[in-house]
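Asks: Please build the complete structure, drawing on both the sequences and the hints.
Spelled out from the first residue to the last, the chains are:
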Amino acid sequence: MIKKCLKYIAPPILLTSLGEFILKASINSYQAPTPSTPMSSYLNLAAYVFSNPITILSLIMVITGGILWLGAMSKFELSFLYPFLSTNLMLIVIGSHVILGEEVNLYRYIGVMLIMTGLVIISKSPYKASANKTN
Amino acid sequence: MDFLIVAATIISRTFTDISFKAAVDQDYTAQQPISILTQAKRVICSKYFSIGLIFSTIHVYTWIICLKKFDLSFIYPMLSVSYVCIMITGRILFKETLDKYKIIGMAIITIGSILLAKSV
Numbered sequence: 001m002i003k004k005c006l007k008y009i010a011p012p013i014l015l016t017s018l019g020e021f022i023l024k025a026s027i028n029s030y031q032a033p034t035p036s037t038p039m040s041s042y043l044n045l046a047a048y049v050f051s052n053p054i055t056i057l058s059l060i061m062v063i064t065g066g067i068l069w070l071g072a073m074s075k076f077e078l079s080f081l082y083p084f085l086s087t088n089l090m091l092i093v094i095g096s097h098v099i100l101g102e103e104v105n106l107y108r109y110i111g112v113m114l115i116m117t118g119l120v121i122i123s124k125s126p127y128k129a130s131a132n133k134t135n
Numbered sequence: 136m137d138f139l140i141v142a143a144t145i146i147s148r149t150f151t152d153i154s155f156k157a158a159v160d161q162d163y164t165a166q167q168p169i170s171i172l173t174q175a176k177r178v179i180c181s182k183y184f185s186i187g188l189i190f191s192t193i194h195v196y197t198w199i200i201c202l203k204k205f206d207l208s209f210i211y212p213m214l215s216v217s218y219v220c221i222m223i224t225g226r227i228l229f230k231e232t233l234d235k236y237k238i239i240g241m242a243i244i245t246i247g248s249i250l251l252a253k254s255v
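Taken in sequence, the protein lines are chains H and S. Under the numbering used here, think of the first position of the first sequence as 1, with each following residue one higher. Under the numbering used here, think of the first position of the second sequence as 136, with each following residue one higher.
What the hints contain is simulated information worked out from the structure, not anything from laboratory work. Wrong hints could be hidden among the right ones.
What the hints assert, rightly or not - Simulated restraints, written as ranges between beta carbons of each label pair: (1) H/Thr37 - S/Gln174: 43 to 53 Å; (2) H/Thr34 - S/Ile227: 38 to 48 Å; (3) H/Ala46 - S/Asp234: 34 to 44 Å; (4) H/Lys3 - S/Ala175: 24 to 34 Å; (5) H/Asn52 - S/Ile171: 32 to 42 Å; (6) H/Gly71 - S/Ile189: 39 to 49 Å; (7) S/Leu188 - H/Phe76: 46 to 56 Å.
Quick reminder that beta carbons are idealized off the backbone N, C-alpha and C, glycines included.
Replies: Right, here's the structure in full:
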């Protein structure tokens, strides 16, 4: 069971978080070429993201993570899988403090913990999509 | 402006998922069993799939702007609000059931995201 989890659930979670860290880090290091209006500076930023190999790689990692997550959905029950979304949140918050050096205050930790609790409660819902196909 | 860009990111993500769900759902009306390839072709050719692609393109752009403007530890958890939006939209458009677990979970996620918004 643990082996199956490591094989199907760990890769999408790690790929998504790692991809987001790389994307955020390279956007942080991006310097706008000249002082310009907000709109054109955002277009420049988008052009940078879609032309830089590192940001393209990070986008591919996030998208691959999403596809692998769909694969995991076919192997496990959704109610078992959903709490792992909270693992993703925790990894992102701790990682952005440790790797990206962001300041995470108490409000943010409590807010994230509440969201994680909410996700776990939603996953306890007994409703199954397949049981309600009346239309 | 800050609020608008976060709202646009959440709404574009909600409608991406809703459109793809609508594209996949169309197939349930099929009477006889069909192959996985035909099924995939039907999903990709449906108009909801193209609408989903448009919304996901908008989502990528707004997400990049969000990453520029905010901390990752703030904006990534903030997007959990889209789960609440998806459940409400699913209730309205697909007549999905909302039981007490989902309503309590939605309420807790909303309170958590209010605290997150206070943390900036």
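Asks: Does each hint hold? Answer for all of them.
Replies: Verification of the hints:
Taking the beta carbon of each, H/Thr37 and S/Gln174 are about 47 Å apart, inside 43 to 53 Å as hinted. The given range of 38 to 48 Å is respected by H/Thr34 and S/Ile227, whose C-beta atoms sit roughly 46 Å from each other. At about 41 Å, the beta-carbon gap between H/Ala46 and S/Asp234 stays in the expected band of 34 to 44 Å. The hinted window of 24 to 34 Å between H/Lys3 and S/Ala175 holds, with their beta carbons roughly 30 Å apart.
Take H/Asn52 and S/Ile171: their Cβ atoms lie about 36 Å apart, and the range 32 to 42 Å holds. The supplied range of 39 to 49 Å is broken by H/Gly71 and S/Ile189, whose beta-carbon atoms lie about 25 Å from each other. Taking 46 to 56 Å as the suggested C-beta distance range, the pair S/Leu188 and H/Phe76 does not conform, at roughly 28 Å.
Against the hints set out earlier in the document, violations occur for numbers 6 and 7.
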